[in-house]
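Spelled out from the first residue to the last, the chains are:
Number of protein chains: 2
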Amino acid sequence: MSFNLIKEDKKSDARLGKIKTKHGMIKTPCFMTIATCGSVKSLDSIELKKMKAQIVLGNTYHLYLRPTDKLIKKFGGLHKFMNWNGPILTDSGGYQVFSLAKTRKITEEGAEFKSHINGSIHMLTPEKSIEIQQNLGSDIVMVLDECAPYPAEKKYIDESLELTTRWAQRCKKYFDKKNLKLKKNERALLFGIVQGGTYKDLREKSAKQLLEIDFDGFAIGGVSVGEPSKKMFQAVDCTAPLLPKDKPRYLMGVGKPEEVVGAVARGIDMFDCVIPTRNARHGTIYKFTTQSDIINISKNPKMFYKIVHIKNEKFKSDKKPIDHNCSCFTCQNYSRAYLRHLFASKELLAMRLASIHNIHFYLELMRKIRNSV
Amino acid sequence: MSFNLIKEDKKSDARLGKIKTKHGMIKTPCFMTIATCGSVKSLDSIELKKMKAQIVLGNTYHLYLRPTDKLIKKFGGLHKFMNWNGPILTDSGGYQVFSLAKTRKITEEGAEFKSHINGSIHMLTPEKSIEIQQNLGSDIVMVLDECAPYPAEKKYIDESLELTTRWAQRCKKYFDKKNLKLKKNERALLFGIVQGGTYKDLREKSAKQLLEIDFDGFAIGGVSVGEPSKKMFQAVDCTAPLLPKDKPRYLMGVGKPEEVVGAVARGIDMFDCVIPTRNARHGTIYKFTTQSDIINISKNPKMFYKIVHIKNEKFKSDKKPIDHNCSCFTCQNYSRAYLRHLFASKELLAMRLASIHNIHFYLELMRKIRNSV
Numbered sequence: 001m002s003f004n005l006i007k008e009d010k011k012s013d014a015r016l017g018k019i020k021t022k023h024g025m026i027k028t029p030c031f032m033t034i035a036t037c038g039s040v041k042s043l044d045s046i047e048l049k050k051m052k053a054q055i056v057l058g059n060t061y062h063l064y065l066r067p068t069d070k071l072i073k074k075f076g077g078l079h080k081f082m083n084w085n086g087p088i089l090t091d092s093g094g095y096q097v098f099s100l101a102k103t104r105k106i107t108e109e110g111a112e113f114k115s116h117i118n119g120s121i122h123m124l125t126p127e128k129s130i131e132i133q134q135n136l137g138s139d140i141v142m143v144l145d146e147c148a149p150y151p152a153e154k155k156y157i158d159e160s161l162e163l164t165t166r167w168a169q170r171c172k173k174y175f176d177k178k179n180l181k182l183k184k185n186e187r188a189l190l191f192g193i194v195q196g197g198t199y200k201d202l203r204e205k206s207a208k209q210l211l212e213i214d215f216d217g218f219a220i221g222g223v224s225v226g227e228p229s230k231k232m233f234q235a236v237d238c239t240a241p242l243l244p245k246d247k248p249r250y251l252m253g254v255g256k257p258e259e260v261v262g263a264v265a266r267g268i269d270m271f272d273c274v275i276p277t278r279n280a281r282h283g284t285i286y287k288f289t290t291q292s293d294i295i296n297i298s299k300n301p302k303m304f305y306k307i308v309h310i311k312n313e314k315f316k317s318d319k320k321p322i323d324h325n326c327s328c329f330t331c332q333n334y335s336r337a338y339l340r341h342l343f344a345s346k347e348l349l350a351m352r353l354a355s356i357h358n359i360h361f362y363l364e365l366m367r368k369i370r371n372s373v
Numbered sequence: 001m002s003f004n005l006i007k008e009d010k011k012s013d014a015r016l017g018k019i020k021t022k023h024g025m026i027k028t029p030c031f032m033t034i035a036t037c038g039s040v041k042s043l044d045s046i047e048l049k050k051m052k053a054q055i056v057l058g059n060t061y062h063l064y065l066r067p068t069d070k071l072i073k074k075f076g077g078l079h080k081f082m083n084w085n086g087p088i089l090t091d092s093g094g095y096q097v098f099s100l101a102k103t104r105k106i107t108e109e110g111a112e113f114k115s116h117i118n119g120s121i122h123m124l125t126p127e128k129s130i131e132i133q134q135n136l137g138s139d140i141v142m143v144l145d146e147c148a149p150y151p152a153e154k155k156y157i158d159e160s161l162e163l164t165t166r167w168a169q170r171c172k173k174y175f176d177k178k179n180l181k182l183k184k185n186e187r188a189l190l191f192g193i194v195q196g197g198t199y200k201d202l203r204e205k206s207a208k209q210l211l212e213i214d215f216d217g218f219a220i221g222g223v224s225v226g227e228p229s230k231k232m233f234q235a236v237d238c239t240a241p242l243l244p245k246d247k248p249r250y251l252m253g254v255g256k257p258e259e260v261v262g263a264v265a266r267g268i269d270m271f272d273c274v275i276p277t278r279n280a281r282h283g284t285i286y287k288f289t290t291q292s293d294i295i296n297i298s299k300n301p302k303m304f305y306k307i308v309h310i311k312n313e314k315f316k317s318d319k320k321p322i323d324h325n326c327s328c329f330t331c332q333n334y335s336r337a338y339l340r341h342l343f344a345s346k347e348l349l350a351m352r353l354a355s356i357h358n359i360h361f362y363l364e365l366m367r368k369i370r371n372s373v
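If you read the protein sequences in the order shown, they are chains A and B.
Sequential numbering from 1 applies to the first sequence in my numbering.
Sequential numbering from 1 applies to the second sequence in my numbering.
For the record, the hints were derived by calculation from the structure and aren't laboratory data.
Don't take each hint at face value.
No copy is singled out in the list; a pair is fine if it fits within one copy or between any two copies.
[To be verified] Subject to a maximum C-alpha distance of 30 Å in a straight line, what follows is the list of computed DSSO-like cross-link-like pairs (lysine-lysine):
#, residue 1, residue 2
1, K73, K183
2, K256, K18
3, K299, K10
4, K306, K368
5, K314, K70
6, K80, K346
7, K314, K73
8, K18, K172
9, K231, K256
10, K41, K73
11, K70, K346
12, K70, K22
Pulled out of the complex, with its shape left as it was, chain A reads as follows:
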């Protein structure tokens, strides 16, 4: 088994677990830092390791287009290419095809799209997505799904999830062909993605179909494309209970710190989100408001953090670190005033120092959560 369920919370559906990958163990609940193009923006892989990031997420769409998965394969995979020897999850590329590509056309075969970089035409099929992810040497491979827009007609969502299921079958078949030939400790994991929007019956249908195919883990998809918290939790509420206890559950693209806690309380094990890094680059910084090592795991948690807009004038001469209880490199070495000055002067270092802090915050959040289950 690639997943060990270690403990279940008494008061909520939260769980403690461990996922075994070919690049080591991941303690769950966990947060995956996003390394879009093979780097966590502004950070190097060595400092990421020092920060005890457990796993990073690489974007198949980006890496396929540049530098290409074929090139990365020649390097022995993304781990070696970016010098990161911990686990890597790769997405299917589907999300970026829907959100970033210039145009796209969905057929039974797959998604034809126009590159946002140079307008070249590409075809992403379920098989192609798996092939790319295998070339990247991914530890956790995601099936290709259609990311339905939000909001969308029920009929559209229904047809979309049926297509997603057929794609998932093709992914599984293609994935197994190569993966099952490998030694057990070299095998990747394949996750299915439950779709169905906010419709309980559709989520049930999707989950049922995917469970039949059988995957190493299950993701809940289609919740981050502009969906508000409430709708997102509706989708989680009607999906998580349908998923097997002995498989990890991944809520894609989520989310704000309180959303992460709320989803953990609903039984989610894995998260990824651009929030900590993207916000950092804009000077939006997270800070715990409690020193406690325990987070109250609840579907609707009390606020335990605040947001600091470090560019604000009021930090101009503030000698304190962002958070004097924080052990991150930034807080150990630099003041709010210095950080504010770097942002005001558009110094590159600003984005890195803020990113380090926000990633540390999310990793700490997950540690506190694991501590609290």
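With chain A held as given, fit chain B onto it using these hints.
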């Protein structure tokens, strides 16, 4: 004495020395990494320390305008503000007034200029420049000089250097007032700047006048404003011999690696230049072509390095580090192909990794030079 002359080269005018500052000793010949706005672009002060950078250069013009010297003074100086406890040299602000400010007007009193940031009007007098640098807590303070454009009429250069001398006198007077009250180990050093373009008689006149005022060190100014190597060396050739042996000599704004070696052979001890960091950010990277720990110190050195344009297509699948003999963080951890990919993808990390390498190259160059005297 703030300068110890340790050794003189037999074959050239090169010297080994040590400069004592209130933040520690600097081995010369040395290169000063530029921390324009209180950060070496894309690097943090801790990694700079680990790289064994001896001293950084802060820009008075920039820091005066933002975050202001008054603010930095409240933090106990630039050292504490940027968390760098090694020596800092600050320029006078003059060079940026001439090169960066929107408009400027030079009078006997000083230089009135319009900020490039918000168009506000400021007056930089010799006294003001010293006051700012003292507020910054600089270890090595530079006098305000007029940076004559290149090329310029001899008459203009002559009048300009006379003004520079009068400003130097006012700087010295203002500097001593505060500096002499301090304990000896808390005192800063004040450097004069010899002007006179490429005119031997004018350089002599400027040097003579400045020597009479007496400074802790002497800089050769006016050589980097668009001056070609040959002209620059002409200025050094006619100036360096006029300077006292027992004081450090600083060639401002220079230069390319071979220029640094050529100037060391002419008796220069200190350098600063944007080349390693600016070029790095554009993917232009330095690499020694010899593994030798010795540099042939000569006025016209044989080439000992080459330039790598890392964005070049030919590095696309190059698994080697930039330089397999290099011990810098970048070469120890990442391939040319990865670096090229980061530049192609406009990833922030590209600029940092390239800057680390180029700064390391310059620091290594100085170490090799010191090794060779």
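Now for the hints, and whether the structure bears them out:
1. K73 / K183: within (19 Å within a copy, 63 Å between copies)
2. K256 / K18: within (23 Å within a copy, 54 Å between copies)
3. K299 / K10: Within one copy only: 13 Å inside a chain, 78 Å across chains, cut-off 30 Å.
4. K306 / K368: For K306 and K368, the Cα distance is within 30 Å only inside one copy (16 Å; across copies 51 Å).
5. K314 / K70: The answer is between: 16 Å across copies meets 30 Å, while 50 Å in one copy does not.
6. K80 / K346: For K80 and K346, only the inter-copy Cα distance (20 Å) is at most 30 Å; the intra-copy one is 32 Å.
7. K314 / K73: Intra 49 Å, inter 18 Å, cutoff 30 Å: inter-copy only.
8. K18 / K172: within (23 Å within a copy, 68 Å between copies)
9. K231 / K256: Within one copy only: 14 Å inside a chain, 60 Å across chains, cut-off 30 Å.
10. K41 / K73: For K41 and K73, the Cα distance is within 30 Å only inside one copy (22 Å; across copies 33 Å).
11. K70 / K346: For K70 and K346, only the inter-copy Cα distance (20 Å) is at most 30 Å; the intra-copy one is 36 Å.
12. K70 / K22: Intra 21 Å, inter 55 Å, cutoff 30 Å: intra-copy only.
Checked against the numbered hints given earlier, this structure breaks none of them.
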